[in-house]
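Asks: On the provided structure of chain L, position chain Y as indicated by the hints.
The chain contents come next:
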Amino acid sequence: KAGVTQTPRYLIKTRGQQVTLSCSPISGHRSVSWYQQTPGQGLQFLFEYFSETQRNKGNFPGRFSGRQFSNSRSEMNVSTLELGDSALYLCASSGDQETQYFGPGTRLLVL
Amino acid sequence: GENVEQHPSTLSVQEGDSAVIKCTYSDSASNYFPWYKQELGKRPQLIIDIRSNVGEKKDQRIAVTLNKTAKHFSLHITETQPEDSAVYFCAAYQGAQKLVFGQGTRLTINP
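Protein chains in written order, with the working numbering: chain L, 270 to 380; chain Y, 801 to 911.
Hints are computed from structural coordinates only; laboratory data are not their basis. One should not assume that every hint holds.
Claimed, not checked - Taking lysine-lysine pairs in the DSSO-like style, the calculated list, with each CA pair at most 30 Å apart, reads:
| # | chain 1 | residue 1 | chain 2 | residue 2 |
| --- | --- | --- | --- | --- |
| 1 | L | LYS270 | L | LYS326 |
| 2 | Y | LYS868 | Y | LYS822 |
| 3 | Y | LYS858 | L | LYS270 |
| 4 | Y | LYS842 | L | LYS326 |
| 5 | Y | LYS858 | Y | LYS842 |
| 6 | Y | LYS868 | L | LYS270 |
| 7 | Y | LYS858 | Y | LYS871 |
| 8 | Y | LYS868 | Y | LYS858 |
| 9 | Y | LYS871 | L | LYS270 |
| 10 | Y | LYS857 | Y | LYS822 |
| 11 | L | LYS282 | Y | LYS842 |
| 12 | Y | LYS871 | Y | LYS822 |
| 13 | L | LYS326 | L | LYS282 |
| 14 | L | LYS270 | Y | LYS842 |
| 15 | Y | LYS868 | L | LYS326 |
| 16 | Y | LYS868 | Y | LYS857 |
| 17 | Y | LYS857 | Y | LYS871 |
| 18 | Y | LYS822 | Y | LYS858 |
| 19 | Y | LYS822 | Y | LYS842 |
| 20 | L | LYS326 | Y | LYS871 |
| 21 | Y | LYS842 | Y | LYS857 |
Unchecked claim - The calculated label-pair distances, taken between Cβ atoms and stated as ranges, are:
| # | chain 1 | residue 1 | chain 2 | residue 2 | range |
| --- | --- | --- | --- | --- | --- |
| 22 | Y | ALA896 | L | PRO330 | 18 to 24 Å |
| 23 | L | LYS270 | Y | LYS842 | 17 to 23 Å |
| 24 | Y | ASP817 | L | ARG324 | 17 to 23 Å |
| 25 | L | LEU380 | Y | GLU856 | 33 to 39 Å |
Where is the CB? At the ideal position from N, CA and C, for every residue including glycine.
Looking at chain Y on its own, in the form it has when it is part of the complex:
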């Protein structure tokens, strides 16, 4: 079955700097890759997603890149702000509404 590895598990950056979180997946049939942000005590919120027919997608300060050959995808957050502090999860879609999640990255933005 699908396996998703996410790195790093924790990430601390200065406010205004960029943050990058990387994920690799094992099943080449996976074709949809969402990223979720989960603040403490709250539900995971979809922040961006990418399908396998594109290599990059951007939404304001957030971008996701996908390398199908290498089977990895990354989340890029630029000009980080304190409200970006949260746990971020990547996921790979395995079909029939099954998402396989990475283990999460706890991002801390230092003022």
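With the rest of the complex left out, here is chain L:
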């Protein structure tokens, strides 16, 4: 099976803009989780979607949102970008169990 894919791989934005990131899970996986990775804070959970419904949410402001489509592909959106949003955004997919498989990530730089 093909692994988790994410697009785009790299993004440069300026403060105040918004951005949309995409994640395609492993075929057959219905759960997609999103994480933010920074040198200072490590890997932090953003939210998780299953069958188009958000089941869990981390402690991030409302500027961070997401959705999932009927084919299990997921998008996350960050509005009104701040410098501190610069990070590697990782998505992970899982099937029937808790095991999560990560995509390559989208590296976002906010200037």
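Replies: Quick look at chain Y alone, frame taken from chain L:
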């Protein structure tokens, strides 16, 4: 909520020696503990995991032990090789696909 502490933050060992990384967690309800290896510029890769109904699991040179009473789990790598150099993350599963990660351990294998 769950909190995961990981030690040490950096670890340097001679090739062929063993490496041990330790994590503690706070939520006794956590029941699944994966370990991920992340090489520079790459995605986190699952290397081993353990569920709370077992105390130890081994896969070739890698083993994980779990002490539910003390709420800690450890990664053991034996006969280390240069390709083991990476950042290792432990995590605890908090339900609904939310993983809480430790801060990571940068492992360097010296030839």
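Asks: So, for every hint listed, does it hold in this structure?
Replies: Hint check results:
Distance hint between LYS270(L) and LYS326(L) is fulfilled; the C-alpha atoms sit about 28 Å from each other, no more than 30 Å. Straight-line distance between C-alpha atoms of LYS868(Y) and LYS822(Y) comes to about 14 Å, which keeps the hinted pair within the 30 Å bound. For a cut-off of 30 Å, the pair hint linking LYS858(Y) to LYS270(L) stands: about 25 Å separates their Cα positions. This hinted pair checks out: LYS842(Y) and LYS326(L) have alpha carbons roughly 25 Å apart, not beyond 30 Å.
Between the alpha carbons of LYS858(Y) and LYS842(Y) the distance comes to roughly 25 Å, so the proposed pair stays at or under 30 Å and holds. Using a Cα cut-off of 30 Å, the hinted pair LYS868(Y) and LYS270(L) is violated, with the two alpha carbons roughly 35 Å apart. For the proposed pair LYS858(Y) and LYS871(Y), the alpha carbon gap of about 19 Å is at most 30 Å, so the pair holds. About 18 Å separates the Cα atoms of LYS868(Y) and LYS858(Y), which keeps this hinted pair within 30 Å; it holds.
Among the hinted pairs, LYS871(Y) with LYS270(L) is inconsistent with the structure: their alpha-carbon atoms are about 35 Å apart, more than 30 Å. Restraint check: the Cα-Cα separation between LYS857(Y) and LYS822(Y) comes to about 15 Å, which is no more than 30 Å; the hinted pair holds. For the given pair, LYS282(L) sits about 22 Å from LYS842(Y) by alpha-carbon distance, which is consistent with the 30 Å threshold. For the hint linking LYS871(Y) to LYS822(Y), the alpha-carbon distance of about 11 Å falls within 30 Å, and the restraint holds.
Restraint check for LYS326(L) and LYS282(L): satisfied, since their Cα atoms lie roughly 25 Å apart, inside the 30 Å limit. A threshold of 30 Å between alpha carbons decides the hint, and for LYS270(L) with LYS842(Y) the separation of about 19 Å falls inside it, so the pair holds. Restraint check for LYS868(Y) and LYS326(L): satisfied, since their Cα atoms lie roughly 26 Å apart, inside the 30 Å limit. Taken as a hint, the LYS868(Y) and LYS857(Y) pair is honoured in the structure, with Cα atoms around 14 Å apart against an allowance of 30 Å.
Proximity of LYS857(Y) to LYS871(Y) is assessed by CA-CA distance (about 16 Å); at most 30 Å being required, the pair is judged to hold. Straight-line distance between C-alpha atoms of LYS822(Y) and LYS858(Y) comes to about 16 Å, which keeps the hinted pair within the 30 Å bound. For a cut-off of 30 Å, the pair hint linking LYS822(Y) to LYS842(Y) stands: about 23 Å separates their Cα positions. Restraint check for LYS326(L) and LYS871(Y): the C-alpha separation of about 24 Å stays at or below 30 Å, so the hint holds.
At most 30 Å may separate the alpha-carbon atoms for a hinted pair to count; LYS842(Y) and LYS857(Y) meet this at roughly 26 Å. Evaluation of the 18 to 24 Å hint for ALA896(Y) and PRO330(L) yields a pass: the beta carbon distance comes to about 20 Å. Distance hint check for LYS270(L) and LYS842(Y): the Cβ-Cβ separation is about 19 Å, which falls inside the suggested range of 17 to 23 Å. At roughly 43 Å, the beta carbons of ASP817(Y) and ARG324(L) sit outside the given window of 17 to 23 Å.
LEU380(L) and GLU856(Y) have their C-beta atoms about 48 Å apart, which leaves the hinted 33 to 39 Å range violated.
Consistency with the previously given hints fails for numbers 6, 9, 24, 25, ordered from lowest to highest.
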